[in-house]
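Novice: Sequence:
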Amino acid sequence: MAISLYDVSVASYLQTLGAVAGFLEKGRAHCEANGIDTATIVGTRLKDDMLPFLFQIVSVAHHSRGAIEGAKSGVFTPPQPPAGLDYAGLQKLVADARAELAAMTPDEVNALEGRDMVFQLGERKMPFTVPDFIMSFSLPNFHFHAATAYDILRQAGVPLGKRDYLGAMRMKMA
Numbered sequence: 264m265a266i267s268l269y270d271v272s273v274a275s276y277l278q279t280l281g282a283v284a285g286f287l288e289k290g291r292a293h294c295e296a297n298g299i300d301t302a303t304i305v306g307t308r309l310k311d312d313m314l315p316f317l318f319q320i321v322s323v324a325h326h327s328r329g330a331i332e333g334a335k336s337g338v339f340t341p342p343q344p345p346a347g348l349d350y351a352g353l354q355k356l357v358a359d360a361r362a363e364l365a366a367m368t369p370d371e372v373n374a375l376e377g378r379d380m381v382f383q384l385g386e387r388k389m390p391f392t393v394p395d396f397i398m399s400f401s402l403p404n405f406h407f408h409a410a411t412a413y414d415i416l417r418q419a420g421v422p423l424g425k426r427d428y429l430g431a432m433r434m435k436m437a
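Just remember that this note's numbering sits 263 ahead of the position in the sequence shown, which is counted from 1.
Fair warning: there could be bad hints in the mix.
[As the list claims (entries may be wrong)] Straight-line C-alpha distance at most 30 Å; calculated BS3-like pairs for lysine-lysine: (1) K289 x K388; (2) K388 x K435; (3) K289 x K335; (4) K435 x K425; (5) K435 x K310; (6) K355 x K335; (7) K335 x K310; (8) K335 x K425; (9) K289 x K355; (10) K335 x K388.
If you're looking for bench data, these hints aren't it; they were derived computationally from the structure.
When you get a sec, could you build the whole thing from the sequences and use the hints?
Specialist: This is how it looks when you write it as structure tokens:
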């Protein structure tokens, strides 16, 4: 059996988005238990030249739900973080991305297989096929931003482990 576009995109996004939702909740609980204002987490960066936690979570949603939307429309552009998002708003953004992706059917996503699309950054346009965009651009960016968000929470003292990042694996049922 061949692996479908749905399997490599939506199913993978959902696994990691579930993990992100879980470690965001652990981060919130840690902040509450330790008297840490979640607003400090939202603005935290791993390094001065990196974008903050807020951008990492916005990018997780954008490189999952937004990637499929871009595949459907034929154009994907960089994320524009909504103004005023707080920690709870970031949690809602992830929940909304999960819900929208969970509502997609394999047939709907697999129908995008032969299509062309463009990543557009200002006037610059990078042409892709939908599968190449998903596999070589969207998924690597998605995991980069999810891992960076995880790392920011770990740096802030949130007790997370590898299983928190992996999420619910798709194991063979006996």
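Novice: All hints, please: hold or fail.
Specialist: Okay, the hints, checked on the actual structure:
{"no.": "1", "hint": "K289 x K388", "result": "violated, 39 Å"}
{"no.": "2", "hint": "K388 x K435", "result": "violated, 41 Å"}
{"no.": "3", "hint": "K289 x K335", "result": "violated, 34 Å"}
{"no.": "4", "hint": "K435 x K425", "result": "holds, 21 Å"}
{"no.": "5", "hint": "K435 x K310", "result": "violated, 40 Å"}
{"no.": "6", "hint": "K355 x K335", "result": "holds, 23 Å"}
{"no.": "7", "hint": "K335 x K310", "result": "violated, 35 Å"}
{"no.": "8", "hint": "K335 x K425", "result": "violated, 33 Å"}
{"no.": "9", "hint": "K289 x K355", "result": "holds, 15 Å"}
{"no.": "10", "hint": "K335 x K388", "result": "holds, 17 Å"}
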